[in-house]
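Novice: Next come the chains, spelled out residue by residue.
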Amino acid sequence: MRVLAAMSGGVDSAVAAARAVAAGHDVTGVHLALARNPQTYRTGARGCCTLEDSRDARRAADVIGIPFYVWDMADRFHEDVVDDFVAEYAAGRTPNPCLRCNEKIKFAAVLDRAVALGFDAVVTGHHARLGPDGLLRRSVDIAKDQSYVLAVLTREQLDRSIFPLGDSTKAQVRAEAAERGLAVADKPDSHDICFIADGDTRGFLAGRLGEAPGDVVDASTGTVVGSHSGAYAYTVGQRRGLHLDRPAADGRPRYVLSITPKTNTVTVGPAEALEVSEVRAVRPVWTGGARPDGPVECEVQLRAHGAVVPATVALDGDRLHAELRRPVRGVAAGQAVVAYRPDPAGDVVLGSATITG
Amino acid sequence: MAYLDHAATTPMLDEALEAYVATAREVGNASSLHAAGRRARRRVEESRERVAAVLGARPSEVIFTGGGTESDNLAVKGIFWARRAAAPARRRVVSSAVEHHAVLDAVDWLVEHEDAEVGWLPVDAAGRLDPEDLRAELSAHADRVALVTAMWANNEVGTIQPITELAAVAAEHGVPFHTDAVQAIGQAPVDFSASGVAALTVTGHKLGGPTGVGALLLARDVAATPLLHGGGQERDVRSGTLDTAGIVAFAVAVEAAVKGQQEYATRVAALRDDLIERVRQAVPDVIYNGDPADRLPGNAHFSFPGCEGDALLLLLDAQGIACSTGSACSAGVAQPSHVLLAMGADNDRARSSLRFTLGHTSTQADVDALIAALPAAVDRARRAAALRTPR
Numbered sequence: 001m002r003v004l005a006a007m008s009g010g011v012d013s014a015v016a017a018a019r020a021v022a023a024g025h026d027v028t029g030v031h032l033a034l035a036r037n038p039q040t041y042r043t044g045a046r047g048c049c050t051l052e053d054s055r056d057a058r059r060a061a062d063v064i065g066i067p068f069y070v071w072d073m074a075d076r077f078h079e080d081v082v083d084d085f086v087a088e089y090a091a092g093r094t095p096n097p098c099l100r101c102n103e104k105i106k107f108a109a110v111l112d113r114a115v116a117l118g119f120d121a122v123v124t125g126h127h128a129r130l131g132p133d134g135l136l137r138r139s140v141d142i143a144k145d146q147s148y149v150l151a152v153l154t155r156e157q158l159d160r161s162i163f164p165l166g167d168s169t170k171a172q173v174r175a176e177a178a179e180r181g182l183a184v185a186d187k188p189d190s191h192d193i194c195f196i197a198d199g200d201t202r203g204f205l206a207g208r209l210g211e212a213p214g215d216v217v218d219a220s221t222g223t224v225v226g227s228h229s230g231a232y233a234y235t236v237g238q239r240r241g242l243h244l245d246r247p248a249a250d251g252r253p254r255y256v257l258s259i260t261p262k263t264n265t266v267t268v269g270p271a272e273a274l275e276v277s278e279v280r281a282v283r284p285v286w287t288g289g290a291r292p293d294g295p296v297e298c299e300v301q302l303r304a305h306g307a308v309v310p311a312t313v314a315l316d317g318d319r320l321h322a323e324l325r326r327p328v329r330g331v332a333a334g335q336a337v338v339a340y341r342p343d344p345a346g347d348v349v350l351g352s353a354t355i356t357g
Numbered sequence: 001m002a003y004l005d006h007a008a009t010t011p012m013l014d015e016a017l018e019a020y021v022a023t024a025r026e027v028g029n030a031s032s033l034h035a036a037g038r039r040a041r042r043r044v045e046e047s048r049e050r051v052a053a054v055l056g057a058r059p060s061e062v063i064f065t066g067g068g069t070e071s072d073n074l075a076v077k078g079i080f081w082a083r084r085a086a087a088p089a090r091r092r093v094v095s096s097a098v099e100h101h102a103v104l105d106a107v108d109w110l111v112e113h114e115d116a117e118v119g120w121l122p123v124d125a126a127g128r129l130d131p132e133d134l135r136a137e138l139s140a141h142a143d144r145v146a147l148v149t150a151m152w153a154n155n156e157v158g159t160i161q162p163i164t165e166l167a168a169v170a171a172e173h174g175v176p177f178h179t180d181a182v183q184a185i186g187q188a189p190v191d192f193s194a195s196g197v198a199a200l201t202v203t204g205h206k207l208g209g210p211t212g213v214g215a216l217l218l219a220r221d222v223a224a225t226p227l228l229h230g231g232g233q234e235r236d237v238r239s240g241t242l243d244t245a246g247i248v249a250f251a252v253a254v255e256a257a258v259k260g261q262q263e264y265a266t267r268v269a270a271l272r273d274d275l276i277e278r279v280r281q282a283v284p285d286v287i288y289n290g291d292p293a294d295r296l297p298g299n300a301h302f303s304f305p306g307c308e309g310d311a312l313l314l315l316l317d318a319q320g321i322a323c324s325t326g327s328a329c330s331a332g333v334a335q336p337s338h339v340l341l342a343m344g345a346d347n348d349r350a351r352s353s354l355r356f357t358l359g360h361t362s363t364q365a366d367v368d369a370l371i372a373a374l375p376a377a378v379d380r381a382r383r384a385a386a387l388r389t390p391r
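Sequence lines, in order, name chains C and V. Residue 1 is where the first sequence starts when you use the UniProt record's numbering, and the numbers rise one by one after that. Residue 1 is where the second sequence starts when you use the UniProt record's numbering, and the numbers rise one by one after that.
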């Protein structure tokens, strides 16, 4: 096949591209320039869109021996990922920008352009399995598994995707990179959010949304227990950084229970008030077989690297409903609920949807 | 492979390569006093004389450098500093909107770091400067102008500037005139003294010589403050151990390019005109950019409406055809060409452009290969570009 390898400049995508060549594909490497001004985004070896990363990707492509180009996706990335990220926080939700980038950029804007230019598929270095059966499964390396942020992909998107790394651990990928003479073998993993230069999400949001002081209210008493400079900076389940004026009446720690943008209020309460036994979500995608008519017994994961709980999931039009077998704390609107079917050959992604409450 | 990017770099001439290898086998620093040094010095000075002879300069006016970018920086910054040192009011640089980045960025640097001011000369839709614009600029500001710098021929669209007229206007006002003639030598007639310019940039790898060696022709009465300090090897204006083998090969290539210029231009322009005609037949709505007459013989530059140049480049590259989109930033992201924008093109047209440049090794087969691959590539690129519309 004629395939396009998305190369971030990191070790995973470099090895993925090399494996695609080894598998007999006609591979072209592309680095996505996502920053409007590379200087303003994360610098050094930790990001995904610096000049250094671009050079690392180019060097890897040279070693592998494939054509390499840089595609400017900065405007699309800004609109679909960065602006969306800010808008979601402003609406009191907790977005996952990596998931959005997969949904809107890598497997949409890039894939569409690739197909239009005559490519059959896009290759990425994501840690997930996608076999001949077309099912998306967790990586063998559970600690590095990225099936959660890929679960948003539709059948059409998966049919044009290749993930060559799903059967390998990160350690194996690094060892292979070294064997192949790829200089990125020892490059540190990227962390956090690539477009927030210093990792300070709260500062980034404050810069975009401005200060918006408001009250922190205790759910059990209804009284104001503190103040904040912007409700958007909080995430459901958060405990640190609340800076409450006085301890709660029961003397127990307080957690963010909800954010209400309309009144600019952050509501806090005890840990058990965070517990959720059912999850509602919208815009479901179902790729683990035919879309089910009735309830499905499965497992669900409610945030990246979050715990997995048994659940019953049902679809109803544009909605998804999950009954959890045991309560889960810290379920945030804006995150994805991903349904998995346990499987010895790697848990299978059944579908996903965006949590509303 | 059909190599249609000779303006980026062109293959070395056999005689230049042979001269390089033969000289590189010999030991000797041209500044040394012993026999080996004297031999190297002799090779350098013979080369200087050869370059001077074919370019209409005196040997003492040839300053060997590390190539076009260095020569441009030395001319722009060096003449600026020397002229301002002689008269502090002279801190204005006059340049054109279509210069190569080696000039543009040197001028911008002077503005940012040396308190320079700049007068940008406009170009017309064909990318041509008007000497009357320079006359108006100098009539208003001549006493404050450190230098004028304008390229002999444009590297993107191939337009040849009226350099002799421009230099004459500068001379009327006593202002030194520098020209980047990197693209012009061997392509068009260039005579340093007859043109009336004070400084002229030439580089080796655009005319069949090695990369990393070039020269600044600098008139004897024009002072330039050095960029590089050290042994003062080149008229105390440029320091650094002379690259004897590179200079010898450079001189061989310059001589061959200049002596063969007319014959070359006739042959390559015929191929180029065939390319243009057949591109127009294959893609009827194509826009041919640049001046149709005053133009480098090997240059063909087009905008392909509805396409993105970088998508077309990828598709042609996959078919073994090498061409160029124009300027690129350090990350490799295609920027809309400042040359096309200065010529009045909008962003879309600027981004839809490709440059095909022929050279001394070009053949009819190269043109045929391009014409065979182009229609399908344009179709595909148009489909890909249509996706850009917000969904």
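The hints are simulated quantities; they were obtained by calculation from the structure and are not laboratory data. Source: prediction; values computed, not measured. Here a beta-carbon is modelled for each residue, glycine too, at the ideal position from N, C-alpha and C. There may be inaccurate statements among the hints.
Said to hold, decoys possible - Heads up, incomplete: computed chain V residues facing chain C, CB under 8 Å, no partners named: (1) 311; (2) 314; (3) 379; (4) 383; (5) 384; (6) 387.
As the list claims (entries may be wrong) - Computed spacing ranges between beta-carbons, pair by pair: (7) C:156 - V:273: 18 to 28 Å; (8) C:318 - V:118: 31 to 41 Å; (9) C:318 - V:318: 56 to 66 Å; (10) C:118 - V:273: 25 to 35 Å.
Novice: Next, verify each hint and record whether it holds.
Specialist: Each hint tested on the structure:
no.	hint	verdict
1	311	holds (6 Å)
2	314	holds (6 Å)
3	379	violated (10 Å)
4	383	holds (5 Å)
5	384	holds (4 Å)
6	387	holds (5 Å)
7	C:156 - V:273: 18 to 28 Å	violated (47 Å)
8	C:318 - V:118: 31 to 41 Å	violated (58 Å)
9	C:318 - V:318: 56 to 66 Å	violated (41 Å)
10	C:118 - V:273: 25 to 35 Å	holds (31 Å)
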